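Visitor: This is what each chain is made of:
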Amino acid sequence: MILPKFEFHEPTSISDACELMARHRGEARLLAGGTDLLVNMKKKVLNPKRLVSLGRIPELTQVERSNGTLWIGAGATVSAIAASAMVARDASALGLGARALGTPLIRNLATIGGNIGSARPAADLPPALIVYGAVLVLRSVAGERRLPIGEFFKGPGLTAAHEDELIAAVVIQVPAGYAGAGYLNLGVRKAQDCNIVNVASYLELDGRAEVIRAARVALGSVGPTPLRSPSAEAVLIGQKPTEALFDLAADAAQRDCMPILDFRGSAEYRRDMVGVLARRTLTMALAEARSRN
Amino acid sequence: MSDYQVINSRLPRLDAPAKATGRAVFIDDMSFPGMLHAALLQSPLPHAHIVRIDTSKAERLPGVKAVITAKDAGLVRYGVSPARYDETVFCHDRVRYVGDEIAAVAAVDAETAEEAVGLIQVDYEELPAVLTIEAAMAEGAPQLHVEFPRNLSAEVHQEFGNAADALKASDLVKTTTFKNKRQDGAFLEPPGCIAVFDLDGRLTLHSSTQAPHYVQRTVAMVLGLPVGKVRVVKPYVGGGFGIKAAANTGELAACLLARKTGKPVKFNYSREQVFMLCRARHQFVHRMTTGVKKDGTLLALQHECYLDGGAYSSFGIATVYYAGSLLGGPYKLPNMKYDGWRVYTNKPTCGAQRGHGGVAARAAWEQQLDMIAEELGMDPIDLRLKNMMQAGDVTCNDLNMSSLGMRECIEAVRNSSDWASKKGRLPKGKGIGMACGFFVSGAGYPIYRSDTYHCTATVKLAEDGGTVQVYSASAEIGQGSDTAFGMIAAETLGVPLDSVRVMSGDTDFGVDLGAYSSRQTLMTGHAVKEAAEAAKRQVLDALAEELKVPAADMDIREGRIVFKNGPVDFSGIRNRYIKEHRGWSDSPQEDFLTFREASRIAYLAKGTIVGTGKYKPPLLGGKFKGAAVGTSPAYGCSAQVVEVDVDLETGRIVIEKMTDAHDCGRAINRTSVEAQMEGSLAMGMGEALFEEVKFDDRGRVINCDLAEYKLVTALDMPPVEAIIVESDEPNGPFGAKEVGEGAIMPTIPAILNAVYDATGLRIHELPLTSERVQAALKAARAKK
Ligand SMILES: Cc1cc2nc3c(=O)[nH]c(=O)nc-3n(C[C@H](O)[C@H](O)[C@H](O)COP(=O)(O)OP(=O)(O)OC[C@H]3O[C@@H](n4cnc5c(N)ncnc54)[C@H](O)[C@@H]3O)c2cc1C
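Those sequence lines, one after another, are chains A and B.
Positions 2 to 294 (this note's numbering) are the ones given, in order, by the first sequence.
Positions 6 to 789 (this note's numbering) are the ones given, in order, by the second sequence.
Just so you know, the hints here were simulated from the structure itself, not pulled from any lab data.
The structure displayed is predicted, hence computed values, not measured ones.
Do not take every clue at face value.
[Said to hold, decoys possible] Simulated crosslink set (DSSO-like; lysine-lysine; CA at most 30 angstroms straight-line):
hint, chain 1, residue 1, chain 2, residue 2
1, B, K24, A, K191
2, B, K184, A, K43
3, B, K184, B, K428
Work out the full structure, taking the sequences as your base and the hints as a guide.
Guide: What follows is the structure in structure tokens.
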């Protein structure tokens, strides 16, 4: 497999990148780590005339916390996110997703922006970002707009971003006390896998009273995009967290998913595993919520 | 401690510095002035008539130097076994699988060659395809080869003793059916080659191969060249596992294109093409019926096996024989009936892969033995020990266990794994299992019928003295054979390993059948040892004349001459040596006579000192049809214990520990032996848990890359305890025999047996993916 020929641009600021994307609208694609894009180009799935590299834009790689929000630049590598103590403390489920992604070599190149931008239903970072209620900061020559990540994914490889728009950052509201999350993924082997199912859950408790005030469950690999599970969330909200309740929520999550059969796994297995992973991630979320008071 | 000076140690490998620093030259690193690049046109259809091939557009593309089809290549039929030469370089009338080769292009670069391939127009008339064993064997099924009716590439029918009567006399009879999946060799380095014709019409083929000798013969035959005009040279090779043990189309096409263009031509297989080349482990379906007495004595095995062969035969005849014959041991089995069918299907061709033919059979049977042990209320280890053969026993199909450390292997893994305190005592979800196996230490006969030596070796002493050069045509493919032969030569001559240089993998250095059937350590080892002995004898003879001491009273050890009957005055030799090396700063100062001086004196007396060696096994095996397959001068054997943790909800299996003992006769290099054991376990584990080449309904491989074809990663690999057992094989050099393949034999069944211990479920189909295990768990729960 030979990489097809293309023009290569290396802007050094976000605004220059936006300029280039606007000027070459329709023929240019953003290149971050290239771990998704270049593979698809070699396979001739995508054949952009131009690549606009984000690799030399320092402002894209910031990871910082201020005023209760976590700002993660789209160019932050997955290995940086996996190693970040801040992420581990404030968005542990995202850290777990980052550690589950690919191999050390892939993680060193892959970026969070690319993981979102590629819009793969099985990607490791979106479920956690969805349950944390992350907001994407989108930039183009027209300016900046903010979009909840849940509204971003439109189908495999399809997003709500305009052709000339780039993701500049992901913003997460740091969960309050008595809130916690969990993430689990299941593939064939321990590393370097395409997930068969991946699930993130988030629980916010009403202080020591332990009534579930907010709950979010996101399911990966079981639909054209990562999915929220409204039924599971409805089961959980307003209740006391118990094993029996989590079982009910897990059943509800299974009803909300729409897995397909492919060579990686059957629909039935995926549906069963949505239940198992939903229950297990809820248990993780509860343990973390109890520890964050 | 052993009294060896060199072998049986843990000396670092000779190729370690080159590989660690990236200096080792593989085919992809090589290039020649004016070199062209080749690309192959391969069929997109699983089965079709070729109506017309039009290469004119491709020929007109700038940069293209030659386009060849069957018209240029001819229709010389070749393959692996002469009895099944069923391939031609290019298809001319029919394609039989997605990937079947139709044409090749040579161009100034790989991009142009690829583009030109896309410009070749082929009109096909599609034919119905058969993609499974059942479809291929069905009444009225489309036929792949007119000369092999019913799509049968090979069939075997053997009976030793009387299995039916013995089953009738059995107290317990057990029947199970087992299925593995098609494997991919998945070596790190895809095959590749560069063909270079010199101006005298002599061809040198540099190729990533494990069998330079067989490639040389096939290339000569297909191109119509005298064998002496074809030289095959193997650079460093990144693994083979059996797949590179025969000539491939890429090699033949590169040679043809080099002849046509007069330029060196390079061809590299891409990873996708590796899956189409395949030649790896078949899919087998085994149906076995075993009969035992109440006390566990094995009485009979009745065994049927079907192999999904793919479009051509490759090693397949040997495979279908091995699938039966390798169950003759290591247990005393008086009656064995075997019927095997290898079936052509419209898929890439399967061939030989580590544990050739025996791996799935072993898995099926060792799991069945565990089931029998349980029904008899016996510990599975006791059942095995009760039936175990001993050194000197001969199987019902005439395989001679000239050494057999099987009992020692079992005891070693039983003790090291703490079997007694774990078996049957682990919590639900945790399990422990064991299995045994054995394998040939070199095929008893070459692939083509011949009286040829299986290997020759030359040991030459550098004229200046001190350095030993070992030449053989054997194939170092990453397994460490060069180091082993260097160590054997050093041990034999009595010099340290760093006095030895090893050169191999070149057909100009002699005959060697290559790195397959775990043959080189035993066979090439013999040849190297004989060559080194001959060189040593010449040195001692020359010394004897010089010093007037009988050669029998001298020896060479650790680079020094040993005088057995007390000191001898060698000052004359020393003075001569020093005088010849005036100005040199490294004159010998030792108070003993060095090998350096002695070998120099030998050269001065006799000219270049060259010792040659050779080996071929004695006549082996019985007289029945197919008796040759499975014969070997020796058999390696092993036992394994595997501990697993099964997630009862997801079905996910995590292997927590593997304890492996292997009888390699004598470890030439202990670290290399352990590495082969670990590699075998990793490969067996992948086949057991993850690996499967998957096809769509158009015969295309779906998972033709290493992202979707799931090998074991470093993270999946559990701690492995590798225990070396040494039984001192009488037919091996220094008592050595195989480890390269035999060690894979018990891995899959030990895992299957451990999974049963953990879950109470017997699963008879591989791989044991989380999904398959969860489905079985779910079905079992539903039954309750
Ligand atoms: C061997 C291997 C293993 C892998 N394993 C995993 C895994 O376990 N889990 C997983 O989730 N993924 C995995 N991947 C896929 C891939 O590595 C990840 O999705 C990664 O996060 C992509 O990031 P990147 O920076 O490399 O993106 P790129 O390949 O550079 O880009 C991917 C897409 O996103 C777009 N894009 C990039 N940056 C932006 C931006 N700032 N704004 C808008 N669009 C943008 C690009 O235009 C392109 O369409 C694997 C890939 C490989 C090759």
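Visitor: Now tell me if each hint is right for this structure.
Guide: Against the structure, the hints come out as follows:
1. B:K24 - A:K191: holds, 28 angstroms
2. B:K184 - A:K43: Roughly 35 angstroms between the alpha carbons, so the hint for K184 of chain B and K43 of chain A is violated.
3. B:K184 - B:K428: holds, 26 angstroms
In summary, the one numbered hint that this structure violates is 2.
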